[in-house]
Amino acid sequence: MSNLNLIKTVKDIPPEEYLAPGHRLCAGCGAPIVVRLALKAVPGPKIVVSATGCLEVATTIFPYTSWKVPWVHSAFENAAATASGIEAAFRALEKKKGAKKPKIIVFGGDGGTFDIGLQALSGALERGHDLLYICYDNEAYMNTGIQRSSATPKGAATTTSPAGRVIPGKLERKKDLIGIAVAHGVEYAATANPAYPVDLYNKLLKAAAVKGPTVIHYYTPCPTGWRSDPSRGIEIARLAVQTRIWPVYEYDHGTWRINIMVKKPKPVEEYFKLQGRFRHLLQPENKWLLEEIKKDVEENWNRLLKLAGLKT
Amino acid sequence: MKYKTWKDLPIGAVIPEPGSSVEYKTGTWRTFKPVIDQDKCIRCLLCWVSCPEPSIRRHEENRVSVDYDFCKGCGICANICPVKAIEMVSEL
Amino acid sequence: MARIVGMNGDTAVAYAVKQADVDVIAAYPITPQTIIVEKLSEYVNNGELNAAYVPVESEHSALSACVGASLAGARVFTATASQGLALMYEILYIASSLRTTIVMALGNRAFSAPINIHCSHDDAYAVRDAGWIELFAENVQEAYDLTFQAFRIAEDKNVLFPTIVNLDGFILTHSLEGVNVFEDEEIPKFLPPKEPVNPIDPEKPVSYGPLDLFDYYIEHKKQQAEALKASYPHILKVFEEFREFSGRSYKPLKTLSMEDAEVAVIILGSAAGTVRDVVRKLREKGEKVGVVSLTLYRPFPQEELVKVLKGVKAVAVMDRSYSYGSPGAQLFMDVAATLINVRDKPLLFNVIYGLGGRDLKPEHVVQVFEHAKKVAKEGEVPEKEVWIGVRE
Ligand SMILES: Cc1ncc(C[n+]2csc(CCOP(=O)(O)OP(=O)(O)O)c2C)c(N)n1
Ligand code: SF4
Ligand code: SF4
Ligand code: SF4
Ligand SMILES: [Mg+2]
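From first to last, the protein sequence lines stand for chains B, W and H. Here numbering that gives the first Met the number 0 is used: the first residue of the first sequence is 0, the next is one more, and so on. Here numbering that gives the first Met the number 0 is used: the first residue of the second sequence is 0, the next is one more, and so on. Here numbering that gives the first Met the number 0 is used: the first residue of the third sequence is 0, the next is one more, and so on.
No lab work stands behind these hints: they were computed from the structure. Remember, predicted model here, so these are calculated numbers, not experimental data. Mixed in with the good hints there might be a few duds.
[Stated by the list, open to error] DSS-like, lysine-lysine: derived pairs with alpha carbons at most 27 Å apart:
# : chain 1 : residue 1 : chain 2 : residue 2
1 : W       : Lys83     : B       : Lys7
2 : H       : Lys344    : H       : Lys250
3 : H       : Lys203    : B       : Lys39
4 : H       : Lys220    : W       : Lys3
5 : B       : Lys286    : B       : Lys263
Model the full assembly from the supplied sequences, consistent with the hints where possible.
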């Protein structure tokens, strides 16, 4: 860890690109930003494993691929397991034939990570495979047309949690992925956000430096699924942090840190009003839900302050 | 058609050419195009790091330009530019 | 050089996998194959086998890890049965379509419900459409021998398909036999280390498992279909090389007394031995009976089967499984489809036997032949589906 060259500005990020343009992610999609940065941050030979989802389908439509590194997709729920096998194979072949073991980077959506792929992820984390798992969380199953996942935030409308007259969107809280990862004993786990690229890049560096499993939970603007203006993705991402809805923090070898301290949070309404999925929350009849969300946000922030050893 | 018959396909449905998606020009998706005012630009690279394609090219001394072959016109770069050096211009 | 060791089917497979110097094992315990993964873990932890053992949290992950490891260039093994195979189902097709070279031992066991741990061929048949090569062992020696041949077949540059060795749950997995084993140092003569085709290589970045739309998907499938057909002669070549190596001969079909048989049984797995004993006895009485058992189930040995059935009047196709609502159980449909355009074909009927480990006794087989003789004599099939050994 000590010889990590953490960066200070965006200018320190290497210029080489390992993800080619020509992919078919929507205009303004936030997913490729973390991909570009991860492929730059992980030094040396690397292999990418993708779960089924937007990123996978849009970057490899036969006969074209956007990946300039080896890339493997098998199914939706098994990215961590597939990666485990690749890692084990290189471990064995390194011993037998001296082949140098590349770093394995896994990209799974929130559905592929929080829901259907959670068991495979848990297995991989528990077994301690040397891989960097990045969940690009756009807070719903986007590839199949915006269905709810356990990462969909409370209040959000999706096609399977529509803002109905009786039930105004999703009523359950978002699962705590970092908590789950840390409970497995990983050495490094962090949330990250494209509005803070230096922080994001440094987290990728830190995660890549660990020999063993690490988890990055990346906030992924999705203009299509969120019914938001594609040009405002980064702005929305920043607001998510500034309202304390999406805290940026890390667990680093036993220490919890809030990386982006939000002293004076902005009203959550500012964040909600930019996205169609939340607009119903601003209706008077849904005030109870809005209030509940505000309470959750505060509770979660206080929980993190406590973990970080800060006063609430 | 890149491959004519089933006999011409690489086995296992692999794609052997890395980065071959550059053969697919997503620039046709665009209705607004970003135009950079190089005089205003302070070369902060925020547009470069935030472009999803990537279709902001980074040059010597952190100068930037747009690759219109791939730019989908999302407008993130214009929105994020701290000095408003990028303008979205209608192509319709 | 012959060395006989007493082993059960599971131990024999595990021993063969160890001698095959496998690189990666990813497996999850399930009766009746558990002994295989226990043995392999023991070999690895005692330093007798230099492999990475991935103790996955499910069979779905087991096969997923195997897919990754095989693409990475490793020699890969897994084992499962029944419910475990069912849980792998999604990945079976992916493993073959990505042209991995995984070898799997399937300790054949009935599907739930009700839950049963004994032999049916439900799991073996569940793979029949998935693009794997499937071999059936009839005894423990064959389970041992076929494991080596499975690696050779799967990894053959002219094949490149994952391969299953089926061995009947308990009947073979747990029964002790004297097995003629190889010495470790002999093995590379028959099975050298894997030479991977297109392995994952950071120096040569390839994308595996892309999205394929209507412009190429059907061509990819056609290519895969033709490739599996084209693997056939190469499978025969591996059998032949194994004969040269070991002196033990393997063929897609095993036949007894088929030259002039008027009625015959077609069967898979360990029960073939029972049928063969009955055939010998009936032959002593002068009855023109014969038996065909399949060592190679996929790709299905169609031409050979047509040849051996020439002149036969009635055939009992015996299935240790059932295909609900179908015009016949699985092997029956295979045989029927094989013969469909053949002139002067035998009359066929389907015998369902042995489900969930129910014993197939010699008297059952005699019953089957009686039935077949009646069909042959009368020239018609009164009952297309006959269950034997079931309390009516
Ligand atoms: C076993 C299985 N179930 C369902 C699907 C259909 N499916 C494909 S992608 C997807 C949702 C992906 O959601 P997420 O992981 O959040 O990725 P995103 O598309 O949002 O990027 C679903 C439900 C599938 N491919 N496989
Ligand atoms: S639906 Fe959302 S996540 Fe999927 S490609 Fe479009 S913007 Fe990206
Ligand atoms: S408009 Fe969007 S796609 Fe085009 S250069 Fe700007 S950020 Fe990139
Ligand atoms: S964001 Fe604006 S100022 Fe910064 S490099 Fe881009 S165009 Fe120049
Ligand atoms: Mg999603």
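Against the structure, the hints:
A hinted pair counts as satisfied when its Cα atoms are at most 27 Å apart, and Lys83 of chain W with Lys7 of chain B qualifies at roughly 23 Å. At roughly 23 Å between alpha-carbon atoms, Lys344 of chain H and Lys250 of chain H fall within 27 Å of each other, so this suggested pair holds. For the proposed pair Lys203 of chain H and Lys39 of chain B, the alpha carbon gap of about 18 Å is at most 27 Å, so the pair holds. Between Lys220 of chain H and Lys3 of chain W the alpha-carbon distance is near 14 Å, which keeps this suggested pair within the 27 Å criterion.
For the hint pairing Lys286 of chain B with Lys263 of chain B, the CA-to-CA distance comes to about 22 Å; that is within 27 Å, so the pair holds.
Taken one by one, the earlier hints all hold for this structure without exception.
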